[in-house]
Amino acid sequence: MHDRPRWLDILLPDEVTAARLRRAILDVAEPLLAGRRDSWWDVASDWATLLTPVAAALTLIFAGLAVRQGIRSDEAAGSLLVSADVVESLRSQTAPAGFSQNLTDDASIVFAALSEANTLHLKIEQAVDTTDVER
Amino acid sequence: MPVERDEPGLVGLVQQGDVEAFGELVKRYTDRAYGVALSIVGTPQDAEDAVQTAFIRAMGRIDQLRPGSPFGPWFYSVLRSTALNLRRRESLRTHEAIPHVTVGGRRPDDDLDHALTREQVLAALETLPEQQRTAVVLYDLEGFSHREVAESLGVAVGTSRAHVHHGRKALRDLLGPIVELTDR
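Chains U and R are the protein sequences, given in the same order. Counting from 1, one number per residue, gives the positions in the first sequence under our numbering. Counting from 1001, one number per residue, gives the positions in the second sequence under our numbering.
It is possible that some hints are incorrect.
What the hints assert, rightly or not - Among the chain U residues that face chain R by a calculated CB cut under 8 Å, a handful are:
1. LEU8
2. PRO13
3. ALA24
4. ARG68
Simulated from the structure, these hints should not be mistaken for laboratory data. From the three backbone atoms N, C-alpha and C, an ideal C-beta is built for every residue, glycine too.
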């Protein structure tokens, strides 16, 4: 603080006025500050206490849903497998007249690949079954 | 609580709802805040209302104050806007200007025993533009630096310097040698 002149000190309140003013400010402020304490700490901890079981219940529900969703995904993935019979029957289908020869050739390649994949899948399944039986 | 606690520490406590810390800020600032408010609103009753409202308003907005920031300049910007609103409202309500007290009446040979009356000082301050008046009062009554005055008024530091310089000169012209003699 710099060295200030004193002539403006005439604007300062007398002691009685200053004391009355301070008291009036604090009378209004005290309940508001008490509310502020509640809002900062007490209310936060109250809410935390109230919400803990709710959060636990929600966690359980979502965990159950996640497990169920996982089981369904596995089932859905299983149903996507195409049986060897279907592949063979599709291979025997002839392309409609006017169908591009190139596309027919591409289809043959795809069917061959599907057939191989199915054969491999069956082999793996058989191998697994055999292992289970051996055990 | 220690007698002298740093302001950012007090502000932090008030933010947590500490009544004693708020009381300490009230104790530190009430007197000079009253002087600043009086220079804006012109009457003791309105000055008291402005100071009380400003403290309550500042308490409500205390979270806006960044950690480590000084309370003073921020509080005076709240007080200034509160006092200006009050003054505007009062002038609308009464449909008349703030009572104007004559500045004159001093003879050049008046000695220092004839202290200035509060009415004379207020009347002289009333002739200054509001920012200039508040700058002088914050600088000379509150003892703020130009940086703090600038922060309170929301202006540049250079503008604060200019306001204080021109305001003091105008007051010296109006009030005579007392201002000059005690202006050290």
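Now the hints, each set against the structure:
1. At a threshold of 8 Å, the smallest CB-CB gap from LEU8/U to chain R is about 4 Å, leaving the interface hint in force.
2. Of the supplied interface hints, the one on PRO13/U holds, with its beta-carbon coming within about 5 Å of a beta-carbon of chain R, less than 8 Å.
3. Taking 8 Å as the C-beta cut-off, the interface hint given for ALA24/U holds, the closest approach to chain R being about 6 Å.
4. A hinted interface residue such as ARG68/U counts as satisfied when its beta carbon comes closer than 8 Å to some beta carbon of chain R; here the least separation is about 45 Å, so the hint is violated.
When held up to the earlier numbered hints, the structure conflicts with hint 4 and nothing else.
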